[in-house]
Amino acid sequence: MAHAHTEHAAPAILAEVKPASLPRATLVENHRSFNWVTEKICGIIEGPTPRWWWIAFAISGFLASFTVAGIAYLVSTGVGVWGHNNPANWAWDIVNFVFWIGIGHAGTLISAILCLLRQKWRTSINRAAEAMTIFAVVCAGIFPVFHVGRVWFAVLPGYLFPFPNANAIWPNFRSPLEWDVFAVSTYGTVSVLFWYIGLIPDLAILRDRFFKSGKKVKSFIYGIFAMGWRGSNRHWSNYEMAYLILAGISTPLVLSVHTIVSFDFAVSLLPGWHTTIFPPYFVAGAIFSGFGMVLTLMLPLRAIFHLEDLITQYHIDCMCKIILATGTIVGYAYGIEFFIAWYGSNPYEGFAFINRAFGHYAWAYWIMITCNVVTPQFFWFKKIRENIALVWILSIFVNVGMWFERFVIIVTSLARDFLPSSWGYYSPSAVEIFTFFGTFGVFGVLFLLFIRFLPIMPMAEIKAVMPQADAHGGHDNKH
Amino acid sequence: MAAPLYGLMARFDTAPEIYHAAEKVRDAGFKNWDCITPFPVHGLDGAMGLRRSHVPKFSLIGGLTGFTTGMSMIFFTGAFDYKLIVGGKPYFSPLFAFPISYELTILFTAFATIAGMFILNLLPQHYHPVLKSKEIVRGLDDTFYVVIEARDPKFELARAKALLSAAGAKEISELEA
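Chains as they are written, first to last, in the numbering used here: chain A, 1 to 479; chain B, 1001 to 1177.
Just chain A, with the same shape it has in the complex:
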């Protein structure tokens, strides 16, 4: 009856709603098949070792020997070989530690937070990003472990881990430095577990493929780690639940790790450190630098292995936009720090920031501002995001900038504290420089081994987001 009434007037409510079809980005280009994905990813491992790999491995190994030499000299001589002085009691060791830990955060963000947010584009980059996380944590761990000098003291008399020292005293659990030990070791462990769980189905594919091609030894080795995975849906059901829970707990974990790292500074009373903005500011910076590193690593891989169909322009766009967003947050935090230093009317705080920008370390400060605040702004432009070489160069600027951020925060505040009579200047010693640059070699060696022996992309997860994986055959589009 109501219909009759409205017959002559324009209907206020449509009889049928036709929602506009939203364009969904294709995550795998060129309508590739499941088998193509398997062949592509497994082919990297099954093929012969490329010559560039050996060259890169040799260079990385050589670079890594710098760290080994630096550490050996440190342990045999004493922590005095580093350039620390009074008042700059902390310097490159913690700068490098925070730098590497921050890089790791993007891997967990991609694997955990983007999983919870159902960002399907994470699938093709999450394996390599998680590997990056683990290797970055390894590089980060070198510094706190070896800064105790006699490294065995880190464990047994409990400089780091909770064992009582010679006087039977336990570590101070009120100290954020002790919290750091737990945060970072938990982070490393959970990252390895998460990574391994993701690897199991892919290792099973390699096990069976090596078996089929008659390589029994390789099949056996991959088989051990594949745990007898057979793609059973009863297994997938538990597996997916476990994966979801791991993503759920890794999310608060990754946020807590850099929060606690920032507490190392924020809980102290030093001007420039003693600020409440540190936890969110550090987390944003960590994700910013981590995505920079992901791009630095993935763009060459994409070019070398011809992975353009799997890491599409859409993926690169997404990563660039995250760098833009987090980089802008970091820039905002720099501004807020200055504002609060002025607004808080604390002369020491005010001096700390003026000194940062215009004091002895002004060069470092302006490198930081250029790399972290100016660089990401280029990603507003589609033309720049589509220029792969330029994106790669900008991603390196992001890495450099974030290292300088930690250097600026740590060293400027220490070198110019309350009393002018105790002011000093810090320069790194050769041992520190060698140890730090060597960690890029350590990272390179580990990452090269990863791309040679493990599937660099999660095949099962990529297949699950392909259009033909839909069990309902795209019924939804036919309405």
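Derived from the structure by calculation, the hints contain no laboratory data. We treat Cβ as the ideally placed atom computed from N, Cα and C, and that holds for glycine. Watch out, some of these pointers could steer you wrong.
What the hints assert, rightly or not - Counterexamples of contact, computed for chain B against chain A with all Cβ distances above 12 Å:
hint, residue
1, R1051
2, T1068
3, A1110
4, E1174
Claimed, not checked - Coverage of chain B stretches by chain A, computed from C-beta distances (three or more under 8 Å per stretch; other residues unrestricted):
hint, stretch
5, 1003-1012
6, 1038-1046
7, 1162-1172
Go by the hints and put chain B onto chain A.
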């Protein structure tokens, strides 16, 4: 003598096919059967009639253990084993003990979750009739299989074959135990 029959393995080529086949096998009342898929097919748990996974129970136990471990460790070291005044503050307070307990909650949850997944899946299990099949290479690559086990009370070779053919199986093979 031929090896005893483990079950039937039927091939399906696409995700919608396995989904509908799973519904048919479920409705036929089988209990000991499975789907082999290269990736988790969305909605297949429902089509197979699987219940919600029990992994979260393991996670909860792990998390509670971790939190308790953290709190009791810090209580034991600072307020029991060697009492030491730090900064004029109480020997123990749940506030400063929280960050470490929080991290240990996550650490123990992660281990418990993974242990739970392996226990519920009965893994590692390196020998399995399905793995012995020559087709498993494709089952983890791009093809889908339904496996009905011979030990299922409703299993009868001819009928099970007919059911799988009716469900659209491209190929049916017999698996040895």
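Taking the hints in turn, this is what the structure says about them:
1. The Cβ of R1051 (chain B) sits about 9 Å from the closest Cβ of chain A, inside the 12 Å cut-off, so the non-interface label is violated.
2. For T1068 (chain B), the condition that its CB be more than 12 Å from all CB atoms of chain A holds, with the nearest at approximately 15 Å.
3. The claim that A1110 (chain B) is not at the interface with chain A is violated, since a C-beta of that chain comes within 12 Å of its own (minimum 5 Å).
4. For E1174 (chain B), the non-interface assignment is confirmed: its Cβ lies about 17 Å from the closest Cβ of chain A, beyond the 12 Å cut-off.
5. Coverage of the stretch 1003-1012 of chain B by chain A is violated. Counting CB-CB distances below 8 Å, 0 residues qualify, and the rule asks for three or more.
6. Chain A is given as covering the stretch 1038-1046 of chain B, and this holds because 8 residues of the stretch bring a CB closer than 8 Å to a CB of that chain, at least three being needed.
7. Counting residues of the stretch 1162-1172 of chain B whose C-beta lies closer than 8 Å to any C-beta of chain A gives 0; at least three are required, and the coverage claim is violated.
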